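Can you make the complete structure from the sequences, with help from the hints?
What follows is each chain in one-letter form.
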Amino acid sequence: MEWKRQVSLGYELSIISGVSILILISGMIGSNFLLVFIGLLFLLFVYANKYYLNHVGRGLTLEIDKELIKLFKGEKDHFILTINQHSYFPILNAKLRFTIDHVLQFENNRKMLNNEQVEIEIPLSLLAKGSVEISFPFEAVNRGVAKIRTVELRIPHLFGFGDVYLQYAKQLPLETVVYSHLEEVGGVNRIIPKRMGDYPMKQSFYEDLSSLIGARDYIPSDSFNRIHWKASAKAISLQTKLYEKTSQFSWSIFINVREGNLESLLSGLTYLLEYATKKKIPFEIFVNVRKVGKRPYIHHPLGNGREHLQKALEIIARLSKHSVAIPFPQMLIMSQRQHILSPYVILCGKIEGYDQMIKLGLKRQTLDCYSIVEHDDALVLKPFSLYGKKVSTNAI
Amino acid sequence: MTIKHDVIKMKENIAKVIIGKEETIELILIALINKGHILLESVPGTGKTMLAKSFSKSISADFKRIQFTPDVLPSDVTGIQFYNPKVQEFELRPGPAMTNILLADEINRATPRTQSSLLEVMEERQITIDGETLRLPSPFVVIATQNPIESQQGTFPLPEAQMDRFFVQLDMGYPTLEEEKLIMRTYRNNSPIEEIKAVLTKEQVERMQEEVQEVKLNEDVENYLLQIIHMTRKHPEVEVGVSPRGTLALMKAAQGKAYLLGRGYVTPEDIKYMSPFVLSHRLVLTMEGSLKKSNKQIIREILSSVAVPVEAGAVR
Chain V
50 MEWKRQVSLG
60 YELSIISGVS
70 ILILISGMIG
80 SNFLLVFIGL
90 LFLLFVYANK
100 YYLNHVGRGL
110 TLEIDKELIK
120 LFKGEKDHFI
130 LTINQHSYFP
140 ILNAKLRFTI
150 DHVLQFENNR
160 KMLNNEQVEI
170 EIPLSLLAKG
180 SVEISFPFEA
190 VNRGVAKIRT
200 VELRIPHLFG
210 FGDVYLQYAK
220 QLPLETVVYS
230 HLEEVGGVNR
240 IIPKRMGDYP
250 MKQSFYEDLS
260 SLIGARDYIP
270 SDSFNRIHWK
280 ASAKAISLQT
290 KLYEKTSQFS
300 WSIFINVREG
310 NLESLLSGLT
320 YLLEYATKKK
330 IPFEIFVNVR
340 KVGKRPYIHH
350 PLGNGREHLQ
360 KALEIIARLS
370 KHSVAIPFPQ
380 MLIMSQRQHI
390 LSPYVILCGK
400 IEGYDQMIKL
410 GLKRQTLDCY
420 SIVEHDDALV
430 LKPFSLYGKK
440 VSTNAI
Chain H
4 MTIKHDVIKM
14 KENIAKVIIG
24 KEETIELILI
34 ALINKGHILL
44 ESVPGTGKTM
54 LAKSFSKSIS
64 ADFKRIQFTP
74 DVLPSDVTGI
84 QFYNPKVQEF
94 ELRPGPAMTN
104 ILLADEINRA
114 TPRTQSSLLE
124 VMEERQITID
134 GETLRLPSPF
144 VVIATQNPIE
154 SQQGTFPLPE
164 AQMDRFFVQL
174 DMGYPTLEEE
184 KLIMRTYRNN
194 SPIEEIKAVL
204 TKEQVERMQE
214 EVQEVKLNED
224 VENYLLQIIH
234 MTRKHPEVEV
244 GVSPRGTLAL
254 MKAAQGKAYL
264 LGRGYVTPED
274 IKYMSPFVLS
284 HRLVLTMEGS
294 LKKSNKQIIR
304 EILSSVAVPV
314 EAGAVR
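Quick note, the sequences are listed as chains V and H, same order. Using the working numbering, you'd call the opening residue of the first sequence number 50 and step up by one each time. Using the working numbering, you'd call the opening residue of the second sequence number 4 and step up by one each time.
Because the hints were derived from the structure by calculation, they are not lab data. Values in this document were obtained by computation on a predicted structure and should not be read as measured data. Any given hint could turn out to be false.
What the hints assert, rightly or not - Beta-carbon label-pair distances, calculated as ranges:
#1 V:E188 / H:R68: 33 to 39 Å
#2 V:Q220 / H:P195: 35 to 41 Å
#3 V:Y324 / H:D223: 46 to 52 Å
#4 H:P115 / V:Y324: 19 to 25 Å
#5 H:M290 / V:T415: 30 to 36 Å
#6 H:M187 / V:V341: 30 to 36 Å
#7 H:E126 / V:V373: 50 to 56 Å
#8 H:H8 / V:Y324: 55 to 61 Å
Glycine included, each C-beta is placed from N, C-alpha and C at the ideal position.
In structure tokens, the structure reads:
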């Protein structure tokens with residue numbers, strides 16, 4: 050059954066049925082056929098009323114044209130709800146009401162005070178075996194995920210004697226993911242790779258010996274095993290192999306959902322993630338939202354590319370302050386034990402305790418650590434300072 | 004014997020092994036008769052390799068398989084010149100690419116260098132080994148498989164140039180409940196791949212390849228096709244639209260669809276049907292676009308926005 054049904058009959062109907070029985074009895078006693086006829090007519094009216102209320106809206110189905118909408122904060126889109134009426138009873142002056150998470154804003158929506166949802170109410174009239182398509186344009190106003198939580202239809206009786214309340218028992222499949230908007234973060238160019246790895250660089254101390262990019266003339270200081278014999282044979286002079294210059298370059302990003310200024314920091318993080326994807330820098334994300342399993346926190350593993358970014362932004366969109374969180378320092382310590390972190394660590398949120406100990410631990414692993422901080426209404430990437438050593442953000 | 008009969012025979016033959024994928028089989032046939040290469044993409048365990056194997060067994064032609072891993076070298080695909088000490092000369096040994104049907108299994112596990120070795124093979128149907136060029140036999144089709152969920156560890160995404168060379172990209176998807184029940188019953192105590200027999204000959208395939216070119220497109224249908232292609236280049240969420248190679252592929256695919264249905268002309272419906280399979284893998288979306296929509300969604304949007312031509316006089 051798609052709808053939960055609740056019928057409320059008006060007290061007028063009970064009065065009319067009582068009166069009609071009285072008229073019927075008095076007509077029968079007085080052998081007055083006119084009164085009997087009137088009494089029967091009233092009874093028929095009451096029966097027709099009850100029959101209508103019990104059967105109106107049966108076989109009503111809902112369809113939605115989209116299942117997943119992804120958009121950035123501030124963007125607009127729409128979805129179309131189709132209501133199909135399979136019954137012969139017309140629906141007139143009904144009110145369709147649905148509630149949806151407040152990350153979306155509709156025309157004439159009403160914010161619900163007790164929860165983070167908005168409600169939309171529209172009039173609805175449907176003739177027998179008819180269908181109607183209603184378009185709902187909206188604007189994404191907050192980061193998050195929006196789902197249609199409840200759909201209700203209140204159908205009044207044609208003459209106002211009672212009404213039918215229908216509540217949609219299933220979940221409509223629409224989900225709208227609103228990504229955080231981008232806010233530029235200063236100082237990101239200062240992260241310079243300096244370890245051995247496979248990230249292609251213009252200049253590096255290290256080379257990827259599996260990635261041959263060409264050959265040049267041999268010079269006496271070149272080592273013997275770098276001679277490109279095939280190229281040398283073709284050129285009839287010694288040639289030296291040229292390899293791609295590479296370094297290790299990847300980011301480990303930690304998010305503290307308990308951070309008071311989370312929205313602003315996540316906007317900065319969205320910028321950093323898009324920057325990393327454009328520069329093909331692999332990244333992984335740790336979030337201190339409690340999860341069942343060996344690792345009691347969310348971990349988006351190391352990777353790069355657009356699909357990786359899409360998954361990361363979806364994780365960020367789904368983060369909520371109401372999630373059950375584990376202490377941020379605990380996640381930082383556990384992640385160091387359970388993973389080999391990338392050489393560049395970026396924190397999104399404050400360390401609530403043991404900060405010096407954790408920072409020292411990260412420094413001992415020779416990891417370069419940064420945190421996203423707000424400075425003069427702008428976001429900057431600030432290197433870690435130890436034991437109260439202050440690094441001026443102006444120097445970045 | 005009519006083309007419809009051949010198609011039904013082929014479908015029935017493959018359906019012994021692959022259950023509930025009639026549409027995919029038909030699309031592979033369309034690619035085959037258009038000398039196009041096929042990229043099968045699906046989650047593990049949905050029968051990509053099995054489909055490719057049963058398809059190749061259904062045609063009495065040469066079949067070779069390369070299981071791609073990160074250590075497969077370009078020479079493992081194309082071949083090598085090796086020094087034969089007996090005759091004291093260099094000898095040419097062509098690689099597995101010298102065949103009629105080449106199964107490139109898990110193609111995205113090969114390094115970009117090895118993947119690039121297929122560029123010449125796929126487009127020009129020849130291999131060049133140390134300056135010596137060899138023509139590949141006809142027909143020649145590459146059926147590649149890849150797993151979309153392993154985009155990170157140990158895999159290398161196919162470059163755009165390579166993707167453009169695939170005639171169609173097909174997503175196998177999961178079977179329905181009924182189909183899966185049938186799969187369970189079919190595979191309970193036998194291996195149907197052993198029972199597959201060749202139902203088409205090389206000559207029949209070559210005849211089909213010639214006949215499909217005779218299918219006509221009228222000007223309205225041509226314009227409709229071109230409008231779709233041009234919309235892919237103007238769409239705000241598309242960075243790189245469909246190439247002229249893609250235009251030709253869509254035209255041929257529509258011809259193939261009409262041919263398999265026994266028609267001598269292409270309708271807009273053929274173009275609309277084939278567009279998602281032929282065009283979606285050729286699009287490169289912008290960063291914002293790729294975060295919000297998939298390639299197939301963009302193609303659907305374009306198809307819904309381009310006016311479909313109707314027969315003159317049909318609409319007043």
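Query raised in the report: Do the beta carbons of H:E126 and V:V373 sit within 50 to 56 Å of each other?
Result: holds, 55 Å
Query raised in the report: So does V:E188 sit 33 to 39 Å from H:R68, Cβ to Cβ?
Result: Once the Cβ atoms are compared, 53 Å apart, the range 33 to 39 Å for H:R68 and V:E188 is violated.
Report task. Using the Cβ atoms, figure out if V:Q220 sits within 35 to 41 Å of H:P195. Result -> With a Cβ separation near 40 Å, V:Q220 and H:P195 satisfy 35 to 41 Å, so the hint holds.
Query raised in the report: So the hint says 19 to 25 Å: do the beta-carbon atoms of H:P115 and V:Y324 match that?
Result: holds, 24 Å
Requested in this report: Return holds or violated for the Cβ distance of H:M187 and V:V341 against the range 30 to 36 Å.
Outcome: Cβ of H:M187 to Cβ of V:V341: about 32 Å, so the range 30 to 36 Å holds.
Requested in this report: Note whether the CB distance of H:M290 and V:T415 lies within 30 to 36 Å or breaks it.
Outcome: With a Cβ separation near 33 Å, H:M290 and V:T415 satisfy 30 to 36 Å, so the hint holds.
Requested in this report: Hint says 55 to 61 Å; check whether the CB-CB distance for H:H8 and V:Y324 agrees.
Outcome: holds, 58 Å
Requested in this report: Given the hint of 46 to 52 Å, check if V:Y324 and H:D223 actually sit that far apart at their C-beta atoms.
Outcome: Given range 46 to 52 Å: holds, Cβ gap about 47 Å.
The structure shown violates just one earlier hint, number 1.
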